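Using the sequences plus the hints, can you model the full thing?
Protein chains in written order, with this note's numbering: chain S, 1 to 207; chain F, 1 to 207; chain D, 1 to 207; chain Y, 1 to 207; chain Z, 1 to 207.
The hints are simulated quantities; they were obtained by calculation from the structure and are not laboratory data. Please note that a few of the clues may not be correct.
The list cannot tell twin chains apart, which means a pair is met if one copy fits it or any two copies do.
Here are the simulated lysine to any residue pairs, SDA-like style, with alpha carbons at most 20 Å apart [as the list claims (entries may be wrong)]: (1) K205 <-> N174; (2) K205 <-> R39; (3) K205 <-> A41; (4) K205 <-> Y77; (5) K205 <-> G69; (6) K205 <-> S38; (7) K205 <-> L86.
Keep in mind it's a predicted model, so treat the numbers as computed, not measured.
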Amino acid sequence: MNKLLLPQDIVGGSFWLISVAMIGAAIFFFLERGRLSSRWATVMNLVGVIALMSSIHYFYAKNLWVLNGQAPIALRYIDWLLTFPLTILTFYVMLNSVTDIKRGMFWRLLVGIVGWLYIIGELYMGDTGRKNASCGNESVQMAFFANRLIITIGFSIYHIGYFIEHLAGGANINSLNVIYNLADFLNKIIFGMIIYSAAIQDTRKGT
Amino acid sequence: MNKLLLPQDIVGGSFWLISVAMIGAAIFFFLERGRLSSRWATVMNLVGVIALMSSIHYFYAKNLWVLNGQAPIALRYIDWLLTFPLTILTFYVMLNSVTDIKRGMFWRLLVGIVGWLYIIGELYMGDTGRKNASCGNESVQMAFFANRLIITIGFSIYHIGYFIEHLAGGANINSLNVIYNLADFLNKIIFGMIIYSAAIQDTRKGT
Amino acid sequence: MNKLLLPQDIVGGSFWLISVAMIGAAIFFFLERGRLSSRWATVMNLVGVIALMSSIHYFYAKNLWVLNGQAPIALRYIDWLLTFPLTILTFYVMLNSVTDIKRGMFWRLLVGIVGWLYIIGELYMGDTGRKNASCGNESVQMAFFANRLIITIGFSIYHIGYFIEHLAGGANINSLNVIYNLADFLNKIIFGMIIYSAAIQDTRKGT
Amino acid sequence: MNKLLLPQDIVGGSFWLISVAMIGAAIFFFLERGRLSSRWATVMNLVGVIALMSSIHYFYAKNLWVLNGQAPIALRYIDWLLTFPLTILTFYVMLNSVTDIKRGMFWRLLVGIVGWLYIIGELYMGDTGRKNASCGNESVQMAFFANRLIITIGFSIYHIGYFIEHLAGGANINSLNVIYNLADFLNKIIFGMIIYSAAIQDTRKGT
Amino acid sequence: MNKLLLPQDIVGGSFWLISVAMIGAAIFFFLERGRLSSRWATVMNLVGVIALMSSIHYFYAKNLWVLNGQAPIALRYIDWLLTFPLTILTFYVMLNSVTDIKRGMFWRLLVGIVGWLYIIGELYMGDTGRKNASCGNESVQMAFFANRLIITIGFSIYHIGYFIEHLAGGANINSLNVIYNLADFLNKIIFGMIIYSAAIQDTRKGT
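So this is what it looks like as structure tokens:
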């Protein structure tokens with residue numbers, strides 16, 4: 001905890017930055033929740049809990065990095081194991097709060113997490129996509145559209161990272177960490193911010 | 001705290017995962033509480049407090065495991081001593097909030113915790129079961145039914161674990177820890193989630 | 001913090017158990033407060049603050065015990081110095097919120113803490129007892145009656161403990177610690193629980 | 001953090017006691033705030049924030065004392081630098097919420113902190129005193145009167161302490177610490193409690 | 001954490017002071033938020049989150065300084081990277097809540113952060129300035145005017161600091177740290193306080 005983080009340590013710096021950003025994002029989502037239309041409350045809670053749980057992992061990861069200079073890959077896997085299903089759940093709850101979505105689809109989304117391409121497919125062409133297209137709520141559609149893009153790009157970063165790490169020789173552990181941190185920033189904080197701005201617009205229309 | 005958790009350390013990883021999951025679950029239960037019909041408030045508070053107290057134990061257990069590589073069995077016993085009566089209390093409060101249950105039954109449930117088979121019996125065939133069958137609230141019945149199953153399976157895991165540990169030679173302390181962690185995940189987080197989804201459905205009907 | 005707590009260490013285990021129980025109780029009291037009739041709010045806040053302050057002392061006591069194997073007697077005295085007046089204050093506020101109690105009695109109760117027998121006498125035969133008997137609120141009477149008993153028994157434990165410690169040779173520091181922990185559990189958590197259940201009944205009648 | 005605090009260590013004990021008392025007071029002020037008439041909200045927030053910031057300093061001071069046996073005089077100065085202006089601000093806001101006070105007076109009070117006698121003079125004979133005498137709100141007058149006394153006595157303790165420390169040879173650092181701790185207890189917790197009880201009385205009249 | 005902070009250590013003392021001040025400010029902004037007119041809620045949340053995230057950085061910076069006597073320049077860069085865009089966002093949200101501001105301006109402000117002179121220009125002469133001049137809400141205009149000044153002076157401190165550090169030989173690292181701490185105090189706490197007092201005045205007019 002008390003070692004010096006050097007300015008040129010980009011990896012350690014990005015761990016630091018994201019850990020604090022996650023806490024800030026979580027608190028912001030929780031505080032703003034009360035101002036939004038009540039049907040967005042659970043979505044905002046989920047997005048906040050994802051950011052909070054991630055911040056715990058990032059604080060430990062940052063400490064380990066500064067002390068040992070090692071990439072805490074185990075913490076990443078635990079974090080993803082916890083936050084990926086919650087991200088999918090967030091998607092499901094957001095759609096469910098405006099349309100009558102079938103219960104089975106949630107499980108397809110959850111299973112779908114194993115095969116990432118399946119999620120993309122589901123989001124672009126499956127029932128979720130169709131339900132969204134017909135849900136008639138512009139704010140949800142906007143959030144859906146933006147986050148589908150985020151997940152497509154953001155999740156592909158993990159896959160590219162995994163490919164580099166395991167197949168291409170794992171050339172540079174440092175750049176890999178920065179890439180993963182960027183993906184987490186995109187998939188958690190920006191993802192949450194897009195949902196938040198959709199909620200804000202939806203709430204304003206309602207009042 | 002600052003030792004490296006290795007990716008192949010399944011036991012340490014499961015301690016980590018559950019400690020963060022417990023915190024996330026506790027905060028989620030507390031935040032969602034306000035949105036639910038007021039008669040579910042105490043039940044949600046209890047479920048959240050159980051998860052929060054368990055998260056404290058798991059954070060310490062995780063630290064001890066990473067530092068010493070030893071199973072912190074004493075922490076488990078303390079955790080169970082605190083959370084088992086609260087789980088039973090949660091059951092009782094949930095039923096009590098919709099039916100006029102006799103005060104004596106709570107004590108029978110609490111005593112019943114010593115003899116686990118007795119609980120199962122009480123839940124399946126005793127007054128609690130009958131009261132539930134006649135309470136006329138579908139959401140409570142659903143939660144009751146699902147949690148009766150969870151407790152039957154989840155609590156049996158502790159008993160199987162105890163049998164392995166003390167009678168069958170305690171062959172593998174690692175797999176035992178993973179089994180116990182799984183049981184806690186089932187009996188605390190999934191248990192809470194089922195109550196939460198029953199509360200959500202009950203609240204929607206009411207509005 | 002990172003030493004191993006052994007399962008056979010009853011004293012350390014009871015420190016652990018009570019520290020977590022105090023946190024759980026404090027959070028439960030704070031969360032339930034909003035659901036109760038508003039005149040119970042200050043009483044619930046006081047009971048929660050007592051549990052919270054005690055939990056801080058118990059966490060430190062537990063750490064010291066695990067590291068040094070020594071009874072942190074100084075922490076106990078500090079804890080009692082803070083929480084005893086607050087316990088008396090809680091009593092006073094509870095009665096005051098339903099009857100017009102004389103201001104002087106609070107000071108008599110507070111002074112009374114020095115001479116414990118005086119408190120017992122005050123509670124059983126003095127103005128507080130009479131006021132309570134005539135306050136006409138059944139829930140307050142129930143809480144008053146139960147807590148008078150708790151304080152009679154619970155506080156006597158401290159006195160017995162003090163007697164053993166200073167006069168009877170202080171035979172066994174371990175059993176003394178367990179006894180004190182039990183007294184704190186009784187005088188703080190069970191005390192608060194009784195007030196809470198009285199508040200619940202009073203609130204239900206009001207609605 | 002893990003050294004043993006000895007029962008005969010009065011200085012360390014008083015650091016401990018006040019650090020926990022400050023936390024308890026801060027949480028109590030924050031929780032009770034919602035029950036009071038809305039014009040007391042900012043005053044209660046200020047009083048709570050003062051106690052909370054002070055508790056952080058006292059926790060560190062206590063740790064330093066137990067580890068080094070040294071009086072952390074730097075922490076005291078930092079604490080006073082932060083909490084003195086806020087105490088004056090609290091006074092100003094309390095009066096401002098019931099009378100139309102001139103903006104310039106706040107600055108006079110703030111500057112006045114440098115010359116302590118000036119504050120006393122201002123409180124007893126200046127505009128603040130006159131405004132208070134004519135504000136017609138009995139609760140504010142009571143709080144004003146009691147806190148003027150507290151500040152007169154409480155702040156004089158700091159001055160006596162400073163005199164002993166720098167001019168009279170600083171004879172006994174231990175008794176000095178106890179004196180300062182007592183002054184902080186008086187100027188922060190008792191100060192807040194008096195405001196709180198005035199707020200309670202004012203709120204009851206309003207309802 | 002447990003080293004002694006010496007009274008003559010001005011740099012360490014200013015780290016300490018600001019870390020606690022940031023926490024106090026954050027909690028104060030969050031608590032007061034509920035009392036203000038609802039359109040100020042997001043602005044207050046942002047100002048509170050900025051102070052909270054900064055307090056985390058300052059607590060670490062303070063620890064590093066006391067232990068190593070080194071200026072944790074990396075933490076500063078990370079803090080600025082997080083809090084500068086949020087400061088600009090706060091400006092934008094504040095204006096947006098009273099006028100219909102164009103979405104493009106936010107990006108201009110954000111880009112503008114790279115070229116500090118550009119921000120000043122934008123604030124004084126650009127669309128933001130004009131919108132503000134015509135927004136017809138006196139409180140917003142007051143906050144806008146005061147914070148434009150703060151940002152002009154406060155941000156220029158960073159630039160002067162940067163100039164000294166990198167171009168003028170970095171003569172004295174200690175005075176540089178004190179200067180940066182002062183700038184953060186100005187740009188975060190005083191900035192937030194000005195917005196808060198504008199919000200208070202706006203809320204009073206509305207009621």
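Check: From the Cα coordinates, with 20 Å as the cut-off, is the pair K205 and R39 best called within, between, both, or neither?
Finding: For K205 and R39, the Cα distance is within 20 Å both inside one copy (14 Å) and across copies (15 Å).
Next item on the list: If the cutoff is 20 Å on CA atoms, where do K205 and S38 land: within, between, both or neither? Let me know, please.
Entry: both (13 Å within a copy, 16 Å between copies)
Notebook entry, point to check: Is the C-alpha distance from K205 to L86 at most 20 Å within one copy, between copies, in both cases, or in neither?
Noted result: Answer is neither: 28 Å inside a copy and 26 Å across each miss the 20 Å cutoff.
Notebook entry, point to check: For K205 vs Y77, is the C-alpha pair at or below 20 Å within one copy, between two copies, both, or neither?
Noted result: neither (40 Å within a copy, 39 Å between copies)
Note to self: Regarding K205 and A41, is the shortest C-alpha distance of 20 Å or less found within a copy, between copies, in both, or in neither?
What the structure shows: Both: 16 Å inside a chain and 18 Å across chains, each within 20 Å.
Notebook entry, point to check: When no copy is named, should K205 and N174 be tagged within, between, both, or neither for a Cα gap of at most 20 Å?
Noted result: Classified as neither; 46 Å inside a copy, 53 Å across copies.
Notebook entry, point to check: How would you label the pair K205, G69 (within, between, both, or neither) given a Cα cut-off of 20 Å?
Noted result: Neither way: K205 and G69 sit 50 Å apart in one copy and 55 Å across, limit 20 Å.
The structure fails hints 1, 4, 5 and 7 (numbered hints given earlier, in ascending order).
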